[in-house]
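*Asks:* Here the protein sequences come in this chain order: R, F and H. Take the first sequence: its letter number 92 is residue 103 in the working numbering, and every next letter is one higher. Take the second sequence: its letter number 57 is residue 114 in the working numbering, and every next letter is one higher. Take the third sequence: its letter number 27 is residue 60 in the working numbering, and every next letter is one higher.
Treat the hints with caution; some may be incorrect.
[What the hints assert, rightly or not] In silico negatives: residues of chain R with every beta carbon more than 10 Å from chain H:
hint, residue
1, Asp19
2, Glu53
3, Lys78
4, Asp99
5, Gly112
[To be verified] Computed spacing ranges between beta-carbons, pair by pair:
hint, chain 1, residue 1, chain 2, residue 2, range
6, F, Asp273, H, Glu330, 53 to 61 Å
7, R, Trp83, H, Lys273, 26 to 34 Å
8, F, Cys256, R, Trp83, 25 to 33 Å
9, F, His388, H, Lys139, 41 to 49 Å
10, F, Asp303, H, Gly258, 47 to 55 Å
11, F, Phe141, R, Lys15, 30 to 38 Å
12, F, Phe141, H, Gly258, 28 to 36 Å
13, R, Val16, F, Glu398, 29 to 37 Å
14, R, Ile14, F, Gly378, 25 to 33 Å
15, F, Asp164, H, Gln162, 16 to 24 Å
16, R, Arg57, H, Glu298, 32 to 40 Å
17, R, Ile14, F, Pro266, 14 to 22 Å
Hints were generated in silico from the structure; no laboratory data involved. A virtual CB, placed ideally from N, CA and C, is assigned to each residue, including glycine.
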Amino acid sequence: MPIKVPKDREVPFGAITPAPVGQQELFITSNWRIVRPVIDHEKCTRCFTCYASCPDSCWSFNEKEEKMEWNWKFCKGCQICIYECPADALSAAPELDFEDGVVRLEKPF
Amino acid sequence: MLSGCAAAAQGAKLAEVEVICSYPIRPYTAIMMELARMVANGELDAEFIHGEGEHAQVSVVLGASAAGARAYTGSSGVGVTYAFEVYSPAAGGRYPLQMAIADRTLDPPGDFGSEHTDAMSARDQGWLMGWAATPQEVLDNTLINFRVGEDPAIMLPQFVCQDGYFLSHIPDKVIVPELSQVREFLPPYKAPHPLSTECPVSHGPQIRPDQGAPMDAQRAATFLEVPRVIERAVADYNRIFGRNYDPYLEKYKMEDAEVAYFIQGAHANTCKAAINRLRSKGLKAGMVRPRWVRPWPTQQIAEAFAKVKAVASVETSTSYGGAMRGGNLVHELRASLYDLERRPLVTSFMAGLGGDVILLEDFEYMAKILTQMVQEKKTRQHVYWIGFEE
Amino acid sequence: MGEAFDYKKQILEPIKSMRSAPAEEMYLPGHRTCAGCGPALNYRLTAKAAGKDTIFIGPTGCMYVANSSYLCTPYAVSWIHAQITNGGAVASGIEAAYKILARKKKYTGAFPNVIVMAGDGGSVDIGLQAMSAMMYRGHDILFICYDNEAYANTGIQTSPTTPYGANTTFTPPGKAIPEGKTLFPKDPPQLVIGGHPAVKYVATTCISYPVDLMNKVRKALNVNGPTFLHMLAPCPKGWKFDEKLTREMGRLAVDTGMWSLYEWENGVYKYSHIPKQYKPVGEYMKFQGRFSHLKAEHIAKMQAFVDEKIQRVKAIAVEAAIPTPKARA
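With the rest of the complex left out, here is chain R (with noise of 0.2 Å):
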């Protein structure tokens, strides 16, 4: 008696899965937040705190152009970096301000 599962059912062998690499495009979750953090890249002094509070790894630093970049894609919009910025550098402005704004999009993902 054959047993066929089809293609989109299927689980891998011993449900074992590849680590991702760079981020989880699996669980994309911007789409959680009604807020999102703004940067003031001038009072911003580079202190790291933003990138050493964020469980969801949204800050990192561009060495390039020497400046805090936030991750779109992943944010949940929790506000800690928000509140422990000590530069005052960071706000909250609402998602729906933006054109990009998550919760705009006609299909999230």
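With chain R fixed as given, assemble chains F and H onto it according to the hints.
*Replies:* Same frame as chain R, now just chains F and H:
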């Protein structure tokens, strides 16, 4: 001359197991004591880990197998049931570790004697499983199970079972093969995606809600592949080591049998002696001993009993409240025979429970009942609790 | 456990600042943890400090279920799920496998960091047996207890590290039991320090001190043997506070004495940070909905419990600067 436990240890040593996890419980402990001695002497180069319990034993060898090492453990009785949580992760994760079980009656009340219920209760967990009848077969099954379990198309853990005390502690003649022969038969274990730093992988993330059923189906599909792997392995084994195993069943005097026993484990040896006696008195009796519980040799059992008039399963384990109100072999036996054009009459006998010996007289009593069934052309009872009948 | 074997393990250098920490993330964006998740932040900092030659063992809990939903995980290094019962055991098997494979020269790479990331339940409740046995057997494994003080993943039930007076779904306050939780919590590092002769290094960490946390991870990994880290992991959902206050809760926990920040190394305690002036526990508890039902007498009981802990701290002495790991054989 080796007992079943000593034979298992020899088998594990020849398989060059790499990680062993021990925990004491009678009667399998002798396997671990023997392996400990081998490791301490330098006869076997392995990591010998003192597990904190049977649940830990299976967990430790699961981790070892995931990392790419050939892993070995074992238990008996309530130890087998204590480890239960980890059986499905081991099988579903496709870790081909091996667990030697010298069966033992489950508590209550702490009886050390043989009974198959402990391992049998784990037969739905997705492991390969089967009973040996002699110390030689224990050693052989150890090697065969590693070969089948580690086959890239299979990758499943294995329960290699033997009757506690009767087999685990009573010595018999064993031919211990040469390591070179074993290496010819058993290639090194190669995990397909081991936990490594070179090629990082995630073992066992949660699956999507629609993937639960497909995962079950895929595991079932793997079991469809097992028989041909068993056949190839046993053929190689017979060739290399000079044995004569049927891949699935031991058949004794079945060619012209009119009544037959269906029995697994060491008590089959007594059964064969009883059959000789019965035949000398004119009864055409035979025996089928399954060497595998999982995968259940459905087709082979049906063929073996096709011409028999009455069959009795000899139940050395319990399944309270089960369909036949006795043991659990009879259910799968009846299921195997159901599609036959002409079905034999089937009954079952509860014997060898709680460490009891099954006497020749018991087998003769069973033969009497079977003969009666043939004469009356019907089954009066589905189960007979020998020694406890009115 | 086999003969003594000299295997090469990399020595991790101390991290001087957040800026000079390795930029590479080993715990990547893209996981289903709650916004502001304390355990996730712990995981990220730990993974960053440990680097790429690491294997994580993840017993069931938030850091399993929320991280690995839907067949994808955020771990850039190898990771294996363990049952909530057996994190220490599965890790032991992995470590032993690497030892034998290295000895037999079947594996010739760097010996990996083997790290268990277990929740409080998986460390000192249902996972206690496996954790303790691993410590006893002397495996070269770092066992981390990320403590969010509850069984959070199943909807916030009490665990042995849940504080006195906490409202959880198994300890709801009511007329008959006004404080909710009546029991005082276990002390995980003390459980380990108490009776495991093979353990040489135990420390507590807090996400509000990230460089300290990463250095303690590295120091523990540099030890050739079992080590234990107790990580405070504030949980917005479980403790019922505004998710942006996750790091603030960590600071207040240390400032009120609810959490002690220390290392224990070969029998010697060294405190990483002792507040000059302890704040009253109310300053910490007032932000958390899990304590909002408590009356003055309950808070007083909590204060007494913490005061007794603080006395022990003051007695032991030596405030140290943020520790830097030393290379060890």
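*Asks:* So which hints don't hold here, by number, going up?
*Replies:* none
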